[in-house]
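Peer 1: Residue-level listing of the chains:
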Amino acid sequence: MSQPPLEPEDSRALYEDAPCGLLCTLENGTIERINRTLCGWLGVSAADVVGTRRLQDLLTVGCKIFHQTHWMPLLQIQGSVAEVQLELVHRDGHSFPVLVNAVRHEKRGRIEHELAVFVASDRRKYERELLAARKRAEELLESDRAAKAALSTAQSRLRLALESAHLLVWDVDVATGTRRYEAGVRRIIGRSSDGPVTAEMYLACIHPDDRAREQGALDEALAADGQGRCHAEYRLIGHDGVERVVSSSGRAFADETGNVAGFSGVLQDVTSWRRAEKALREQEQQASARALLAEQLVGIVSHDLRTPLNAAVLGASLLAGGDLTVPQARTVTRIHASANRASRLIADLLDFTQGRLGGGLRVQRREHDIHALVADTVEELKLAVPGRMIEHRRFGEGHVSADSDRVAQVVTNLCTNALTYGAADRPVTVTSRVSEHALSLEVHNFGAPIPRELLPHIFEPLRRGEQQIKLGSRSVGLGLYIVQEIAVAHGGQVTVHSRQEDGTSFVVTIPAQYEGKLQPATRIG
Amino acid sequence: MRVVGRGPETMIMAHGYGCDQNMWRLLTPSFQEQYRIVLYDLVGSGRSDLSLYDRKKYGSLHGHASDVLDLAREFADGPAVFVGHSVSAMIGLLAGIAAPELFSAHVMIGPSPCYINDGDYVGGFTRADIDSLLDTLDSNYLGWASTMAPAIMGAPDRPELGQELTNSFCATDPEIAKHFAHVTFLSDNRADVHKLQTRSLILQCSQDLIAPLSVGAFLHATLPDSDLRIVENIGHCPHLSAPSTIATAMSEFLRAR
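These protein sequences, in sequence, are chains A and B. Everything in the first sequence is counted per this note's numbering, starting at 1 for the first residue and increasing by one. Everything in the second sequence is counted per this note's numbering, starting at 526 for the first residue and increasing by one.
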């Protein structure tokens with residue numbers, strides 16, 4: 001059906017009162033024609049604006065820029081724009097959103113723009129809400145993405161930690177009681193094929209003797225009143241026939257109501273550690289057994305050597321009293337001296353084994369004039385080492401309760417040490433101090449100090465000074481050890497000070513009153 | 526990036542805020558004989574690779590200027606004539622200061638070193654105006670979708686415009702457009718203007734909301750070697766609305782050497 005022709009009257013009414021704003025402008029925006037609908041929205045009359053105002057004059061500033069940077073180029077190049085949203089300004093100053101379609105025409109030799117304008121307040125509101133919703137959604141998406149990224153980072157960190165610690169994960173589905181093992185577990189049950197490891201597969205590998213213990217640990221962790229943790233170490237007999245030791249730890253976690261909601265655990269193959277620990281333990285035991293045997297041997301041999309040596313000393317003494325030629329007398333003297341030296345060595349060794357194996361040296365204390373005792377010992381030493389100076393200084397008076405042989409041994413050992421390591425051209429000084437509370441014996445020499453790194457070990461047996469001492473010396477490195485043992489047996493202690501400028505001093509202090517044995521105490525300075 | 530023309534010298538044309546290299550379509554025919562014309566879309570605009578839009582790099586016009594330098598080094602045969610519209614005039618200025626040897630002349634169409642009024646300087650806008658623009662961009666966030674869609678009313682008198690072109694023109698990622706609007710309209714390069722030693726032509730529109738007459742006068746007074754031409758034109762895109770006037774002005778300037 002063809003539509004009836006439009007009467008001029010009707011078309012004019014349709015134009016003026018159309019349900020949209022209609023506007024015609026020149027290319028520069030100058031308004032040529034505007035319908036009543038749009039005039040009503042803008043609060044103006046056609047006469048106010050035609051020929052004097054431009055489209056851009058009706059826009060807010062932001063829209064003016066938009067109009068120039070987007071609208072104009074679009075219209076010029078594209079010939080039309082559709083559904084562009086702009087803000088028009090009412091004569092009273094308030095603005096309202098509109099949607100605009102526009103077409104560019106060339107008419108009567110000039111460019112004209114025809115615009116249709118629709119008020120879009122509701123659409124605008126709707127779009128704003130849409131935009132806000134979209135922004136919210138994007139923010140949520142972003143935070144979701146961030147959370148996922150964080151989770152993924154945490155997971156890869158956990159994986160890295162598990163892998164570098166060689167930990168394998170297992171868990172329990174609490175609802176069904178089913179255990180689940182990660183695929184990597186196949187390594188410790190000796191399965192070479194790929195594929196998942198089922199609970200049946202795993203449990204079948206646990207050593208029959210260990211099964212009850214393993215299950216018991218888990219049951220306890222899952223029990224309602226349990227600790228929630230389990231730890232068990234047990235053996236696995238792998239499909240490859242290899243027996244492995246596995247350490248299994250796990251933890252139950254509860255839901256909000258406190259019920260057990262899940263259980264996760266880790267497995268670790270500790271076979272090689274356990275093996276290494278066992279080997280180390282065995283080595284230690286063997287070593288200490290060997291050491292004990294050696295010390296016992298030293299004790300037995302030393303003890304048994306004493307009798308024949310005594311016979312040799314006695315024999316040499318008897319011979320010395322006879323009628324001898326000069327060479328014979330020299331030989332007998334040498335035999336006597338050598339046998340004496342061997343006796344002293346054996347005495348040291350016996351003291352050592354007594355100290356080490358017999359719970360310390362035994363001493364017999366009696367009242368003695370210590371100064372006289374020390375003086376005698378020093379005199380004897382002087383005879384043995386002619387040409388060396390040994391001075392004796394004494395302070396205080398009185399008798400002291402001590403083992404006289406041991407005190408003489410202390411002085412002898414310390415002096416021998418001082419003569420061996422000290423400066424040959426300076427005197428060795430022995431000082432005995434007696435007070436109401438204690439006896440102290442100090443042996444001092446000049447010369448190079450004891451190296452610092454040696455000081456902490458100087459009282460250990462079989463230690464010698466830095467320089468290799470001359471062959472034939474009676475010392476086998478037990479002298480200072482025995483000095484310490486003697487001091488300790490008297491309830492005292494020995495200290496050492498050694499500095500380049502002061503020389504070296506050993507001081508043995510023995511308390512005057514002593515009941516029972518004290519802990520060994522050694523101070524080093 | 527596109528190259529048209531076959532002249533011995535190179536001319537680089539950079540579009541302004543809002544559109545892309547299609548802006549130049551009415552102007553390029555006038556220079557095709559004398560120049561090789563390099564046309565491109567600023568990164569973030571038109572059909573450029575949006576994934577290259579690094580907000581840090583393009584957080585100031587210097588990012589775009591370094592792109593111009595890359596372009597000039599790679600595609601120009603000897604010193605090039607740089608034609609920049611609107612914000613690209615300032616991008617060209619920054620490039621020209623950084624590497625004067627790459628450019629023989631600058632043509633600035635509707636340039637502005639600063640859009641916001643500041644003391645005696647009249648840029649044309651207040652900060653509130655720029656905020657209002659950003660708001661308008663926001664409300665056309667959805668509206669743009671249809672602007673980008675095939676033109677429902679068609680363009681009967683421009684049959685040469687293909688569908689493809691219509692779809693890409695002025696279309697870009699709205700978030701990038703907003704960022705670029707921020708960078709453009711809040712830029713202030715007044716302190717750089719005096720450093721450009723290369724000769725330049727300022728094409729100032731008689732009625733341009735974006736770059737008012739006062740801005741052209743400021744530039745002419747500050748640029749060491751510049752010509753100022755006022756083009757009788759309403760709007761910010763004289764190369765679209767008055768292409769022949771622009772072509773004539775440019776030719777006269779480029780010949781006068």
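One thing to keep in mind: the hints can contain errors.
Okay, derived cross-link-like pairs now, SDA-like style, lysine to any residue, Cα gap no bigger than 20 Å in a straight line [said to hold, decoys possible]:
no., chain 1, residue 1, chain 2, residue 2
1, B, K720, B, R572
2, B, K703, B, R598
3, B, K703, A, R12
4, A, K135, B, D656
5, A, K125, B, F778
6, B, K703, B, R572
7, A, K382, A, R393
8, A, K148, A, A132
9, B, K703, A, E106
10, B, K720, B, P604
11, A, K382, A, G360
12, B, K582, B, Q732
13, B, K703, B, H587
14, B, K703, A, K148
15, A, K135, B, D660
16, B, K582, B, D592
17, A, K148, A, E138
18, B, K703, A, E139
19, A, K135, B, D713
20, B, K703, A, A133
21, B, K703, B, D713
22, B, K582, B, H704
23, B, K703, B, Y578
24, B, K703, A, R134
25, A, K135, B, D698
26, B, K703, A, L455
27, B, K703, B, P604
28, B, K703, A, K382
29, A, K135, B, I701
Some chain A residues close to chain B (C-beta under 8 Å, calculated; not the full set) [unchecked claim]:
no., residue
30, V61
31, P73
32, G190
33, Y202
34, S505
In case anyone wonders, no lab produced these hints; they're calculated from the structure. Keep in mind the model is a prediction, meaning the values are calculated, not measured. Each residue gets a CB set at the ideal place from its N, CA and C atoms; glycine is no exception.
Peer 1: So, for every hint listed, does it hold in this structure?
Peer 2: Status of the hints after comparison with the structure:
| no. | hint | result |
| --- | --- | --- |
| 1 | K720/B - R572/B | 33 Å, violated |
| 2 | K703/B - R598/B | 30 Å, violated |
| 3 | K703/B - R12/A | 43 Å, violated |
| 4 | K135/A - D656/B | 19 Å, holds |
| 5 | K125/A - F778/B | 51 Å, violated |
| 6 | K703/B - R572/B | 17 Å, holds |
| 7 | K382/A - R393/A | 15 Å, holds |
| 8 | K148/A - A132/A | 24 Å, violated |
| 9 | K703/B - E106/A | 34 Å, violated |
| 10 | K720/B - P604/B | 18 Å, holds |
| 11 | K382/A - G360/A | 31 Å, violated |
| 12 | K582/B - Q732/B | 33 Å, violated |
| 13 | K703/B - H587/B | 18 Å, holds |
| 14 | K703/B - K148/A | 29 Å, violated |
| 15 | K135/A - D660/B | 15 Å, holds |
| 16 | K582/B - D592/B | 10 Å, holds |
| 17 | K148/A - E138/A | 15 Å, holds |
| 18 | K703/B - E139/A | 18 Å, holds |
| 19 | K135/A - D713/B | 30 Å, violated |
| 20 | K703/B - A133/A | 19 Å, holds |
| 21 | K703/B - D713/B | 18 Å, holds |
| 22 | K582/B - H704/B | 12 Å, holds |
| 23 | K703/B - Y578/B | 13 Å, holds |
| 24 | K703/B - R134/A | 16 Å, holds |
| 25 | K135/A - D698/B | 15 Å, holds |
| 26 | K703/B - L455/A | 79 Å, violated |
| 27 | K703/B - P604/B | 34 Å, violated |
| 28 | K703/B - K382/A | 106 Å, violated |
| 29 | K135/A - I701/B | 15 Å, holds |
| 30 | V61 | 4 Å, holds |
| 31 | P73 | 5 Å, holds |
| 32 | G190 | 51 Å, violated |
| 33 | Y202 | 49 Å, violated |
| 34 | S505 | 74 Å, violated |
Going down the numbered hints, you'll see the structure goes against 1, 2, 3, 5, 8, 9, 11, 12, 14, 19, 26, 27, 28, 32, 33 and 34, while the others check out.
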